[in-house]
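Q: In order, the protein sequences belong to chains S and D.
Mapping to our numbering: the first sequence position 130 is 130, numbers consecutive.
Mapping to our numbering: the second sequence position 94 is 1094, numbers consecutive.
Incorrect hints may have been included.
Stated by the list, open to error - Here are the computed distance ranges between Cβ atoms for each label pair: (1) S:G136 x D:Q1060: 15 to 25 Å; (2) D:G1026 x S:W456: 33 to 43 Å; (3) S:S138 x D:G1026: 40 to 50 Å; (4) D:S1022 x S:E186: 50 to 60 Å; (5) S:R240 x D:R1093: 28 to 38 Å; (6) D:D1111 x S:S138: 40 to 50 Å.
What the hints assert, rightly or not - Derived coverage of chain D by chain S (criterion: at least 3 residues anywhere in the stretch with Cβ under 8 Å from a Cβ of chain S; other residues may be distant): (7) 1024-1037; (8) 1051-1063; (9) 1098-1105; (10) 1135-1145; (11) 1152-1161; (12) 1175-1187.
In short, the hints are calculated from the structure, not lab data.
For every residue, glycine included, the Cβ atom is placed at its ideal position computed from N, Cα and C.
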Amino acid sequence: MPTLPTHDFKDSRSPDFPTAALPLLQDTQLRNNVRHATGVIQGKRARVVGEMPDWQALREAGQRMRAHSLEYLDFYLEQFEERCTAAGGHVHWARDAAEANRIVVQLAQNSTGRVIKIKSMTTEETGLNRALEAVGISPVETDLAELIVQLGHDKPSHIVVPALHKNRQQVRELFSRTMNLPDLGERPEDLAEAARVHLRRQFLSTPVAISGANFLIAETGGVCIVESEGNGRMCLTLPRTLISVAGIDKIIPRFQDLEVMLQVLPRSATGERMNPYNSVWTGVHPGDGPEEFHIVLLDNRRTEVLRDPEARETLHCIRCGACQNACPVYRQTGGHAYGSVYAGPIGAILTPQLAMMERGQSLPYASSLCGACYEVCPVKINIPEILIHLRGRVVTGRSKTLRALHPEAIIMRVMQWIFSSSLRFSVAQRVGRIAQRPWIRRSGWIEKLPSVLAGWTRTRDLRPLPQQSFREWFHARHRESTSTSSRSEARHE
Amino acid sequence: MNDIPMHDPSSARSEILARIRSANRGIFGADREPTPEESWRTIPRTYRRSGSLADSGRVQLLTERLIDYGAGVYQCQSVDVAAKVADILRSRRKQKLLVSSDVDPNWLPQDGTKFVYDNAFSYSDIEACDGVLTGCTVAIATTGTLALCHTSNGSRRALTLLPDYHLCIVGASTIVETVPEGFSALEAHRLQPITLISGPSATADIEMTRIQGVHGPRVLDCVIAV
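Generate coordinates for the entire structure from the input sequences, incorporating the hints supplied.
A: What follows is the structure, encoded as structure tokens:
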């Protein structure tokens, strides 16, 4: 078997967040699209969440349910395996992305050179499409947004609406070129119709489908998939073989628990009371749907995340994307700046952990810690706290020497030395007042600091040190008042 | 490919389970006291688990919520379902409908419209029909959701997927108010394939504009028999 290219969090090299964000911030089209889309979903979400008098109780239940599932993860995974197998499904285990891809590729090999796919963040994470292409199988994305991303050789930028960075003119241009439809209109209806026609033939003629999973139900061995367009149902129903790839964290204990998950997920994800289609199936159902069902349970370092008592909560995530829509940083940059399939606040905590802190170290800093993500999270993941915790891990993860020689550490040590003596402090102020002169612009602000300090002024201007410090002012005032009072005393005498 | 020289499925399974156990042991200690069952029972469920609406209120709410998501909704007495179905199909110009096995034969009008029960039809046969007529196991009013529990003899999933039109008959007695009530009613069917349908298929992938009807039936009508 040839070596397959895999998307391994550890191996990928991408620029840090501020560097990656810079060109994106200059793309006004992208920023408009992102702002519009996130604004619309946020508004819809707020409205349907506002309808629920028991929303906080649902969040609480959701949080406890997810924590419980992870606490008994080994038990539930074994139970899922047993029940799914009893229902005619095949359960596979994959330690990492490469292993998951190898399993899927092997299973898909007898397909006719093509597989149809339902949008799945997990297969994005494993880089499955590239692995399939490497052995000559072309994966056809069937979700409208994913189709847009795939035809444009683009990357998804949002968990729920992966193509939100493209507007209708851009989509029309893409479809008309790739589907050979010169007269295609640009109304969203026209574009959806084009996709319907384009994909219907594929649904009916492709023997293998690949999906992710929203929930794995331990009690029954069943799988639940949440979707809107019906492409999911097509893929789950029509092909002869269905292969689902799911992170081990997707488990929920019982069928009944869907009563919580299917209340919090749709309202948080798309701002709908319920998304148009939810499918639940258990193994194979003779006479209805695929004859063969495989599920690949993927670790890919989730068990490492599980080890960290303060960050394991990251695995509670049900991939709704509400934190992205609420995040003031994401709303400026869009998803691509995060250099990971998981963007936004959840990406900022998930990506570096899945990369075992060897990559994505800039991501925990890509936040103002405003807490909007925590507030909207349907399972109450305390993202700001985890961000701070991970910042700590980034720092302690550096080698002792590197930590000692890090410019920030040196600056802090010097500051400490200065701040711990009033004499040094006032001398430093006086020196600084002179040293800063060449950097003060006509506006009266410092717009650019030299060398290692430049990072600070890259995105903000700095007030120069004032000509008189508070202490100097206070002393001067004191001197003045003692001299006036001594004068007045003199008069009294 | 370097860290795993050979694909050994059994070792992947035991390795992942071992990693999970070691991680959880590090956090909860070696002996976790409550069993999974006991611990599961402590999940707080203080959210609404039953509704407060009377029968007519549930019908009203379901109607509003279905309309809100673009479904057509009609109400009639149980004895008039066939007449209502005839009206709707006439105005929709549908002549040949597939019928799911959960449909009461009394609901079918005898007006010349062709109704066919599934008989191991091929997908292209199903696609060639003008639409599909089904019943519904449970309807959830709060979310405007119709739950279909499929069986391989006569109500398989493809029937409600390939035709462009879906007409669903909802008996008022199957309507519940809340999602938890819906799932308790589905509990008995939990091993069957289940499809929850809330409005016709839709997408908002382009500029967040909601477009109705992508791959599933583009039109969904619902008759509520009171």
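Q: Tell me, in ascending order, the numbers of any earlier hints that this structure violates.
A: Checked against the structure, the hints that fail are numbers 1, 8 and 9, while the rest are satisfied.
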